[in-house]
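Engineer: Sequence:
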Amino acid sequence: MSKAKLKRPLNAAPVEASEWAPPALRRYLPFLLVLFAGSGCAALIYEVVWFQLLQLVIGSSAISLGVLLATYMGGMCLGSLLLPRLVSSREHPLRVYALIEGGIGICGVLVLFGVPLLDHAYAAIAGHGAWGIVLRAVLAAICLLPPTLLMGASLPAIARWIEATPEGVSWLGYFYGGNIAGAVFGCLLAGFYLLRVHDMAVATWVAVAVNIAVSVLSFRLSEKTEYTPQQENVLEAPSRAEGAMWVYITIGISGLCALGAEVIWTRLLSVMIGATVYTFSIILAVFLTGLGLGSAVGAHLSRGKVRPKMALAACQMLLAVAIAWTAYVLADALPNWPVNPLIARSAWFNFEMDLMRVSWAIFPAACLWGASFPFALAAIAGRGEDSGKLVGEVYAANTVGGILGALAFSIVLIPAIGSQDSQRVLITLAAAAAWGLWLTAWESLRGGAKFAAVAATLLVAMLIATVSEVPWLAIAYGRRMTITQNAGRALYVGEGRNSSIAISELPDGKHYFHVAGKVEASTEPYDMRLQLMLGHVPALFHPDPKSVLVVGFGAGVTAGTFVLHPQVQKITICELEPLIPPAATRYFRRENNDVMHDGRTQIFYDDARHFILTSKDKYDIITSDPIHPWVKGTSSLYSKEYFELVKQHLNPGGIVTQWVPLYESDFQTIKTELATFFDAFPNGTIWGNDINGEGYDVVLMGQVEPAKIQLDAIDDRLAREPAVKESMRPVGLDNALSILTTYAGRAPELAAWLAGATINDDMNLRLQYLAGMGLNFDQPGEIYNQILQFRKFPADIFSGSEARLTALRFALGGGSR
Numbered sequence: 011m012s013k014a015k016l017k018r019p020l021n022a023a024p025v026e027a028s029e030w031a032p033p034a035l036r037r038y039l040p041f042l043l044v045l046f047a048g049s050g051c052a053a054l055i056y057e058v059v060w061f062q063l064l065q066l067v068i069g070s071s072a073i074s075l076g077v078l079l080a081t082y083m084g085g086m087c088l089g090s091l092l093l094p095r096l097v098s099s100r101e102h103p104l105r106v107y108a109l110i111e112g113g114i115g116i117c118g119v120l121v122l123f124g125v126p127l128l129d130h131a132y133a134a135i136a137g138h139g140a141w142g143i144v145l146r147a148v149l150a151a152i153c154l155l156p157p158t159l160l161m162g163a164s165l166p167a168i169a170r171w172i173e174a175t176p177e178g179v180s181w182l183g184y185f186y187g188g189n190i191a192g193a194v195f196g197c198l199l200a201g202f203y204l205l206r207v208h209d210m211a212v213a214t215w216v217a218v219a220v221n222i223a224v225s226v227l228s229f230r231l232s233e234k235t236e237y238t239p240q241q242e243n244v245l246e247a248p249s250r251a252e253g254a255m256w257v258y259i260t261i262g263i264s265g266l267c268a269l270g271a272e273v274i275w276t277r278l279l280s281v282m283i284g285a286t287v288y289t290f291s292i293i294l295a296v297f298l299t300g301l302g303l304g305s306a307v308g309a310h311l312s313r314g315k316v317r318p319k320m321a322l323a324a325c326q327m328l329l330a331v332a333i334a335w336t337a338y339v340l341a342d343a344l345p346n347w348p349v350n351p352l353i354a355r356s357a358w359f360n361f362e363m364d365l366m367r368v369s370w371a372i373f374p375a376a377c378l379w380g381a382s383f384p385f386a387l388a389a390i391a392g393r394g395e396d397s398g399k400l401v402g403e404v405y406a407a408n409t410v411g412g413i414l415g416a417l418a419f420s421i422v423l424i425p426a427i428g429s430q431d432s433q434r435v436l437i438t439l440a441a442a443a444a445w446g447l448w449l450t451a452w453e454s455l456r457g458g459a460k461f462a463a464v465a466a467t468l469l470v471a472m473l474i475a476t477v478s479e480v481p482w483l484a485i486a487y488g489r490r491m492t493i494t495q496n497a498g499r500a501l502y503v504g505e506g507r508n509s510s511i512a513i514s515e516l517p518d519g520k521h522y523f524h525v526a527g528k529v530e531a532s533t534e535p536y537d538m539r540l541q542l543m544l545g546h547v548p549a550l551f552h553p554d555p556k557s558v559l560v561v562g563f564g565a566g567v568t569a570g571t572f573v574l575h576p577q578v579q580k581i582t583i584c585e586l587e588p589l590i591p592p593a594a595t596r597y598f599r600r601e602n603n604d605v606m607h608d609g610r611t612q613i614f615y616d617d618a619r620h621f622i623l624t625s626k627d628k629y630d631i632i633t634s635d636p637i638h639p640w641v642k643g644t645s646s647l648y649s650k651e652y653f654e655l656v657k658q659h660l661n662p663g664g665i666v667t668q669w670v671p672l673y674e675s676d677f678q679t680i681k682t683e684l685a686t687f688f689d690a691f692p693n694g695t696i697w698g699n700d701i702n703g704e705g706y707d708v709v710l711m712g713q714v715e716p717a718k719i720q721l722d723a724i725d726d727r728l729a730r731e732p733a734v735k736e737s738m739r740p741v742g743l744d745n746a747l748s749i750l751t752t753y754a755g756r757a758p759e760l761a762a763w764l765a766g767a768t769i770n771d772d773m774n775l776r777l778q779y780l781a782g783m784g785l786n787f788d789q790p791g792e793i794y795n796q797i798l799q800f801r802k803f804p805a806d807i808f809s810g811s812e813a814r815l816t817a818l819r820f821a822l823g824g825g826s827r
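In my numbering, the protein residues as written are 11 to 827.
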């Protein structure tokens, strides 16, 4: 990098603090804000893409997400600390900034093409347990550290253009706010357009283009502006404000509370308004908007007569109040808002409602966290210091706190003490941070200020006691909580590392199992039939099933079907949330045959895709019953690559079954699910589970070899295995004819209907975006009847005695040709 021009001799008189910001900075401030906004926009697009891309490899469990977040934020922390130590302050800040942005763009391209290559190497050596976690961290570090180091270095780089005084560094609040404004736009652009309409490759190239534009403009501006290192504008030795250590501690606690609160509130809000990709984008956008606005206001106030340290302390005490406010809104206000999410089919109407509810809940606290950053900079600034070093240290302290908060609350505190007490911890920490600063200047405070501090503390203590538990209806029924009638009573409510679950009992005695605000299993006849079909049907079709893999424990009914088959020697279950199997076993033991404690059962607590990717075992049957496809993250369990992985883990003659809900969905979503499955299993079949001919859900079945189903053999098996027959009798599937009449079609016959359907692959994960848009459509009967219109009697699949075949042909005659 070329040396910057120097405008002042070393013995020149110091510039008064009131004269700085530099004339060039003031002249080009709008352009600089645009550059920082562009940088923030690209950074958020990358963050969304990289997390989605890397989760495909290392999984989406709490451990994996913690590794990703710690690596991402850790890289930014290191970058903010290293730049002032590795790059001379004599280099023009805009040239440094231009190189950083160009480097981020190069890294973005490398990550896009490098992750698929690392995927194969990782899959070959990865495993479970501590060694698996280490490998996940190594992979995340290889992919994320280079670009995040550069991202973290960007703010300290530009900070060197500003004098290290309270008046000077207050300008950085505007840059920080501009950066966050761009991040809000990038978050919404990625979540609502780039990834909904295009894919991760297109989103990456858009971010790269923004980086290149920012880099080029920065170079051009550097040629038009002169720069003098601020250390050369002063004669005295660098000084640091009194009590600087407490400021570092406070901004660290502020970061800890911000990320800890984001973890808690994102979980609760996503349960209440629907855990779609759009919900997460809205929550992040509102949080970032609050940070940006608060930062701008804090920067403006820092340039006035406000005492920055006391303002920072007041911010933390106000944050304690704001966190209590959010806790009240989430536990008492939102669950009682008279909002019917099913009124409008248009997803955009619901997005507007969601935006209003999220803003009402979290915007005040986000603004205060945003204001804390410029107050901390102004409180710690000392004349003659390297502004880049100052900003880097404050940013690093805030980021380290954020890392600790995100990990502590997601992995430790929420599972251990729940979200109610976790929010009490946040309130206490915020108040303690305020008191830490007040005590450093207690002697200088006036009597009125001391009285206000004590009164505020008493108020906060009262607020801690008022934090309520989120009602179980919100955990159980989520977005439908206000319209659910006769919900019964809660038998169990738990908050785990990965999700919140509930088990309820209806007035008629039926039990419901809930995950993430959705009913995922129940003892209702239609749900029992589906759960039994997923297990019993492939087990009866397979001539000799010895090993099975069950994806998702749920109520355990599907896994429990295999307990009744004497040929099965090994039952492997992959479940993401450790709370689920014990709770389900307690309340569904009779229905699931106590599969958890069966000697053949082995349970792995991990993301199913990661488990299959890294497993060396093969199975005779793999059955998959994940959560609904509109829930963020589950689209990877409906992708073409996932089904190819499943196919690779089937023994010869093996069978895979996959659940597909027809309710809460539209035609486009269902066609994508079917077309994607049939892309991997060209001869796949569909088996219906409808309610009085109105549709409900279906089971997709696939095999590597052409399917062959012998009716007589099924009846013989049922005769030899009375426990299986008795298990299926309550749902009307206790003989070959009743089972095979659920046949609804197969891939070749549906080719015309599925023509043009989007294939859900790893690079677009389009299904979660389609499903999120079609959430309010409920037309299972129409969808199922259209599928049946293409059904023909599969004479090449079914075989058996003439009498049985004739009876089956007659039973299927209503929709067959």
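One or more of the hints may lead you astray.
[Said to hold, decoys possible] Below, a list of computed lysine to aspartate or glutamate pairs in the DMTMM-like style, where the Cα atoms sit at most 20 Å apart:
1) Lys520 - Glu534
2) Lys234 - Glu101
3) Lys556 - Asp608
4) Lys802 - Asp700
5) Lys681 - Asp725
6) Lys628 - Glu601
7) Lys681 - Glu704
8) Lys657 - Asp554
9) Lys580 - Asp604
10) Lys556 - Asp627
11) Lys802 - Glu812
12) Lys681 - Asp806
13) Lys735 - Asp722
14) Lys626 - Asp604
15) Lys528 - Asp676
16) Lys802 - Glu792
17) Lys718 - Glu812
18) Lys735 - Glu534
19) Lys657 - Asp627
20) Lys718 - Asp700
21) Lys650 - Glu101
22) Lys735 - Asp604
23) Lys681 - Asp788
24) Lys681 - Glu792
25) Lys650 - Asp700
26) Lys735 - Glu515
27) Lys657 - Asp129
28) Lys718 - Glu704
29) Lys556 - Glu704
30) Lys657 - Asp771
31) Lys735 - Asp725
32) Lys626 - Glu101
33) Lys399 - Glu101
34) Lys718 - Asp604
35) Lys528 - Asp725
36) Lys802 - Asp788
37) Lys657 - Glu704
None of these hints come from the bench; they were simulated from the model.
Values in this document were obtained by computation on a predicted structure and should not be read as measured data.
Engineer: Each hint needs a verdict: does it hold in this structure or not?
Structural biologist: For each hint, the structure was consulted:
no. : hint            : verdict
1   : Lys520 - Glu534 : holds (7 Å)
2   : Lys234 - Glu101 : holds (15 Å)
3   : Lys556 - Asp608 : holds (15 Å)
4   : Lys802 - Asp700 : holds (19 Å)
5   : Lys681 - Asp725 : violated (34 Å)
6   : Lys628 - Glu601 : violated (27 Å)
7   : Lys681 - Glu704 : holds (18 Å)
8   : Lys657 - Asp554 : holds (18 Å)
9   : Lys580 - Asp604 : holds (15 Å)
10  : Lys556 - Asp627 : holds (13 Å)
11  : Lys802 - Glu812 : holds (18 Å)
12  : Lys681 - Asp806 : violated (25 Å)
13  : Lys735 - Asp722 : holds (15 Å)
14  : Lys626 - Asp604 : violated (27 Å)
15  : Lys528 - Asp676 : holds (18 Å)
16  : Lys802 - Glu792 : holds (19 Å)
17  : Lys718 - Glu812 : holds (16 Å)
18  : Lys735 - Glu534 : holds (19 Å)
19  : Lys657 - Asp627 : holds (12 Å)
20  : Lys718 - Asp700 : violated (24 Å)
21  : Lys650 - Glu101 : violated (50 Å)
22  : Lys735 - Asp604 : holds (18 Å)
23  : Lys681 - Asp788 : holds (15 Å)
24  : Lys681 - Glu792 : holds (13 Å)
25  : Lys650 - Asp700 : violated (26 Å)
26  : Lys735 - Glu515 : violated (27 Å)
27  : Lys657 - Asp129 : holds (18 Å)
28  : Lys718 - Glu704 : violated (29 Å)
29  : Lys556 - Glu704 : violated (36 Å)
30  : Lys657 - Asp771 : holds (15 Å)
31  : Lys735 - Asp725 : holds (9 Å)
32  : Lys626 - Glu101 : violated (53 Å)
33  : Lys399 - Glu101 : holds (14 Å)
34  : Lys718 - Asp604 : violated (32 Å)
35  : Lys528 - Asp725 : violated (36 Å)
36  : Lys802 - Asp788 : violated (26 Å)
37  : Lys657 - Glu704 : violated (32 Å)
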